[in-house]
Every structure is written in structure tokens, then in C-alpha cells.
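From first to last, the protein sequence lines are chains C and U. Heads up: the first sequence is residues 1 to 338, going by my numbering. Heads up: the second sequence is residues 339 to 609, going by my numbering.
Fair warning: there could be bad hints in the mix.
[What the hints assert, rightly or not] Quick look at which bits of chain C chain U covers, simulated, 3 or more residues with Cβ under 8 Å:
1. 208 to 217
2. 230 to 239
3. 275 to 284
Hints listed in this document are in silico derivations from the structure and should not be mistaken for laboratory results. A virtual CB, placed ideally from N, CA and C, is assigned to each residue, including glycine.
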Amino acid sequence: MQKKYLKWLLLILLFIVVTSIIIIHSLTSGDLKVSLADLPRLLFGQGEGVEFTIIKSIRLPRIILGLAVGGALSLSGVILQGVYRNPLVEPYTLGISGGASIGVALTIVFGLPQLIGTYMLPLAGFIGALVTLFLVYILSIRSGKIKIQTMLLVGVMVSFIASSIMMLLLSTTTSENIHSIIFWIMGSLDEPDTKLISLAVITSLLSLFLSYFFVQPLNALRLGEEKARYLGINTDVSIKILFVITSLLTGVCVSMAGVIGFVGLIIPHLIRLITGSDFRILLISSFIAGGGFLVLCDTLARTIIAPNELPIGVLTGMVGGSIFIVVLNRINKKSLID
Amino acid sequence: MSVFFDIQQFSCGYYRKFYIKNINFNVAKGSLTGIIGPNGSGKTTLFKGITSELKPKEGKILLHGKDISLMNFRERARNFAIVTQNIEEADIRVEDYVMMGRIPYHSKFQFFETKNDIEIAEKYLNLIDIVHLRHKLMNELSGGEQQLVSIARALTQEPEILLLDEPTSHLDISHQIQLMNLIQRLNAQLGLTVLMIIHDLNLAGEYCDYLVLLKQGEIYKKGTPEEVLTYQFIEDVYGTVVITKTNPLSGKPVVFSVSERTLKQVQDNRK
Numbered sequence: 001m002q003k004k005y006l007k008w009l010l011l012i013l014l015f016i017v018v019t020s021i022i023i024i025h026s027l028t029s030g031d032l033k034v035s036l037a038d039l040p041r042l043l044f045g046q047g048e049g050v051e052f053t054i055i056k057s058i059r060l061p062r063i064i065l066g067l068a069v070g071g072a073l074s075l076s077g078v079i080l081q082g083v084y085r086n087p088l089v090e091p092y093t094l095g096i097s098g099g100a101s102i103g104v105a106l107t108i109v110f111g112l113p114q115l116i117g118t119y120m121l122p123l124a125g126f127i128g129a130l131v132t133l134f135l136v137y138i139l140s141i142r143s144g145k146i147k148i149q150t151m152l153l154v155g156v157m158v159s160f161i162a163s164s165i166m167m168l169l170l171s172t173t174t175s176e177n178i179h180s181i182i183f184w185i186m187g188s189l190d191e192p193d194t195k196l197i198s199l200a201v202i203t204s205l206l207s208l209f210l211s212y213f214f215v216q217p218l219n220a221l222r223l224g225e226e227k228a229r230y231l232g233i234n235t236d237v238s239i240k241i242l243f244v245i246t247s248l249l250t251g252v253c254v255s256m257a258g259v260i261g262f263v264g265l266i267i268p269h270l271i272r273l274i275t276g277s278d279f280r281i282l283l284i285s286s287f288i289a290g291g292g293f294l295v296l297c298d299t300l301a302r303t304i305i306a307p308n309e310l311p312i313g314v315l316t317g318m319v320g321g322s323i324f325i326v327v328l329n330r331i332n333k334k335s336l337i338d
Numbered sequence: 339m340s341v342f343f344d345i346q347q348f349s350c351g352y353y354r355k356f357y358i359k360n361i362n363f364n365v366a367k368g369s370l371t372g373i374i375g376p377n378g379s380g381k382t383t384l385f386k387g388i389t390s391e392l393k394p395k396e397g398k399i400l401l402h403g404k405d406i407s408l409m410n411f412r413e414r415a416r417n418f419a420i421v422t423q424n425i426e427e428a429d430i431r432v433e434d435y436v437m438m439g440r441i442p443y444h445s446k447f448q449f450f451e452t453k454n455d456i457e458i459a460e461k462y463l464n465l466i467d468i469v470h471l472r473h474k475l476m477n478e479l480s481g482g483e484q485q486l487v488s489i490a491r492a493l494t495q496e497p498e499i500l501l502l503d504e505p506t507s508h509l510d511i512s513h514q515i516q517l518m519n520l521i522q523r524l525n526a527q528l529g530l531t532v533l534m535i536i537h538d539l540n541l542a543g544e545y546c547d548y549l550v551l552l553k554q555g556e557i558y559k560k561g562t563p564e565e566v567l568t569y570q571f572i573e574d575v576y577g578t579v580v581i582t583k584t585n586p587l588s589g590k591p592v593v594f595s596v597s598e599r600t601l602k603q604v605q606d607n608r609k
């Protein structure tokens, strides 16, 4: 048993090391190449000049946001997979990101951001996500049991409805709004507002912390809701609180970085293969690896076709969608969907 | 003095659908009780009532005189360990699965298992004799092995009562007997009170101290196997012709089914 904890510690260290390498790579690559030797001076030293500005004010904030958003998406994915006992659910496939994006788009169209200032968009995203999640949950319950096919279908439909509503909003609003919505839908970690970046960091770290109060319910839920109750878990309350946490994570991510699909699907899936299904190690590992993965994708997105930039959602969508299909095939073979 | 486990005037069921009513029986501490009855007689509904998955409509269930519907989930899980019959799909290692039986004893934010938890889990891994499976994943095991692991997990909960839902249903005859012998041994050695749903009347008659026979959501007959497993009662409840005899070794009742053709031949011979 002690060996298990040691193994977990080593795994966490491994994920931290890999993520650190990704961060350093991201800091040094781009239009302006920075050598490894120069990095500490630019990062920690004081000085003026283009190099300092690029590293400290452009690349570093972007990396921090990437870590927070990637971690948050991955964490909400792994939590949702635990609650639903299905490896294919994540904020994107359940339509939660779509719901959050409607919330955000509505606030842009109606010019609400001016009302309470900077934090209006994340708030709107959170509300949109929460409403969608409970809607999907309620619609996919049949006589007390969650039907997995129904749930995925409802999620897909909610995504469609969300994108239709987006079209509707786009076609009826001013061209100025269209520009800001489209720019934001495509998904980008380019966020100039440091207040929002700190909000994302705080939200994701806080959620990670909160989620650790629910490792027992999540671990027990691996056996299904009924068996979890037999182990003394109040499943209804736990699931509802976990829903609020995942909605918060998704809402804040979507409002800042747009819809970035599949991070919450690929990372937990790969991490589970390495760590096993115990949520005590799974939550923190998914969080770190999710952050690292998104920073890596973002680095690729801004360097592949430099000086232009790919929307980050395009990259995660292509990679993640393919993995989704592979996973779905494997599951169908085991016929988990029944 | 209050009865150990007492079900009083209990009724519960599904909304507008099937429900069980007027269930009255009690279970003595250290006994092995079987709930029998045909398909659709309410065995599973009663089971879900006892596990509090279904809310009581009337009546109550008392453990040591305390109403179990007033217990919280954690308290119930310390008193009742439940082994269901479904196959486990989760990819959890056997030793971790057994350790999950300690969850009801963990504080809300307890991250690591205590020494005591590990000792208890080890004890039951050894007692059930599944130490060799400890590093395997649950979904790699056979149905029989899964049942053993589930029972080890249930014992790790150190419950007052062990509830089993048709523990032998997926097993062949040798595994059925092995499992029932194990349950009997646990019952005798640990003084564990066992309450189980059991389909097979002969296993029920051979192993249980006390039987509760259900028919259409109500108790038809309760008592010792000798009192309950008579051919009149079985024919009336199951609607099929049987012959009952006594097992020459154990002295317990045995039920034989009779095929339609045999029945016809017998009737023809009589004419």
C-alpha cells in the first residue's frame, strides 16, 4: 500500500517535469527565438526591450492561461466521466461548452459586459454551462437511471441547438459584435486582461482543491450510483456539487478561451491508462497533464503557420475527435453501451 | 428486549407499479435467512426496501430497535453490507476494490487508508482466500471470482448484516456450492447475520435456517425450511407440480421438479 503512494508521487513528479519541459519549449519558440541560456535572465531579471516584453507580457501570460484552462477542461472531463461512468463524456460532447458559449454570446450581443465589467462573461459562461448540464442530466434520466445513449445524444443535440442559436445571434447582430463573437468562438489563449487570467487560475486551482473533497464519492461512483450509496455515499448531493464545479470550470474556460473541444476527453483517457482509475491520483494528474497539453497545442497553433496563428480549438478538435472515434470503437467492442 | 432486525408492516414499491405490502418478519442475530419466491413475487423489491433504495410507503425496518430510514448513508453502510448480482465492469484492482469497503469508516476528507483499514482488508482477502487475485482487475475476473471479491469487500465493511442478492445466479453448480459453503462458514465462524435472496429452492433448503416465501408481493409463508418447503406451498406459489423429499444426509427438504411427460405417464398408469 505504501508502495502505491510512492508510485503516485513519482507519477505526479513525472507529469510536472513533462509539463515544465513543454513550458520552457513554449517560452523559447516562436517568431523570436530565445536560447535556453538567456531564458532565466529574461524571465526573472529586470530590463527593457522587445525580448522582455515578448517573454513576460505575451508568452508567459498565455502559458499561464493555457495551464489554467487546459487543467480546468481536463479536470471537468475527468469528473464528468466519473459521474456518468462513461469515458466519452466531457464538457464538449455533453454540450456544456455549447451552453456556456450561448451564455457568453448573449451577453456580448446585448452589450451586457459593460454592466458589471470584466467578470460578466465568465459569469454568463458559468450560468450557461450549469443550465445545460442539469438539462442534459434531467433529460437523460429514465426511471431513475441515466441512459448513456440518451445522454450522449442529448448532449450532441444541445451542441447543435447551441450552434444554431449562435448562428441566429450572429445573423441578427451588428458586424462589430460578429467580429468579437467569431474571434472568441475560434478559441484562443490570447487574453490581454490579467485580471481575467488570474480569475481563470484561481477558479481552476480552487476547483481542483474542492474536487479533492469528493474523491471518495468519485471512487465509489466507479461502481455505479447504487453501489456507491451502499458504501455510504450520498450520491445525489455529491453529483450535484460536482456538476456545479464542472460548470464553473467549463463556463470560465469557455468565456475566456472560447470552445476548446476534447481536451477533457483525451487527457483523462490517456492518464487513466498510466495511473489507473483511482481518482486520488487521477484528478491531479489530469489537471497537470491537461495544462501541459493545452500549452503544447497552443505553441503548435502559433508556430505551425507563423506568422499567422491557428485557432487552438482546430488543433484539439482534430486530434481529440480522432481519439474519440478510436475510444468509441474500443468501447463498442466491449459493448459498454447497453 | 428489542429484536435484532425487525421488519414491521413494511410496504414499498415503484411509483404506480408493483409494490410489496404487509411484510412482517424478523431476523435473529447470527442467523442465515433466505428470501424465496417466483419471478415477480417481489424479492428484489423487498431487497431494495431493506437497502433503502426504495422509500417505505408504510411500516418500518428496525435494526437494534432503530429505524433504518432515519440512518444516513454512512451509518447504513456500516450496518449493512450489500452484495448485488451484477457483473462489475470497473477496472479496479482487487485489493483496491476490497479496500473500498472501508469508505463508510473514512472521514469526509480522509485521503489515505489507515493501518487499521489495511489490516482489515488483508484479513478478509486471506479469509476468503483470494490473495492470489489481489493485483488483477475486477473486469478480468470470472463471475465466481467477482462474487468472492464482492463478499470480501462486504466483510471489510464489518457490517451487522450481510445482504446478498442471488449470490449464486451466475455460477455453475460447483461454484454455487463453494459460495454457499463460504457463506455458511462466515455465518458460523464470524457469527455474521446473513439475509439473502435465493432462487434455488434446494440451496435455500439446505443452507438457510429460516425462509421467507413471497407470493405476489406478500409473505405467503415463513419458517424453517421444513415448514416452508412443502409441495403444497410450492405448488400453490410457483404454480407447478413438484415432489419434496428429505435429504438423507442433512435431513433438509429437497424439491424435485416433475416434467409434463412424466406427469402424464403417472396419470395414465393410475387409470
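Given as covered by chain U, does the segment 208 to 217 of chain C meet the bar of three residues or more with CB within less than 8 Å? The restraint on the segment 208 to 217 of chain C holds, since 4 of its residues have a Cβ under 8 Å from chain U and three suffice.
Verify the coverage statement for the segment 275 to 284 of chain C against chain U, using a C-beta to C-beta distance below 8 Å and requiring 3 or more qualifying residues. With 4 residues close enough to chain U, the hint holds.
Apply the coverage criterion to the segment 230 to 239 of chain C and chain U: a residue qualifies when its Cβ sits closer than 8 Å to a Cβ of the chain, and three qualifying residues are needed. Coverage by chain U holds for the segment 230 to 239 of chain C (5 residues, Cβ < 8 Å).
Going through the hint list in order, the structure satisfies each hint without exception.
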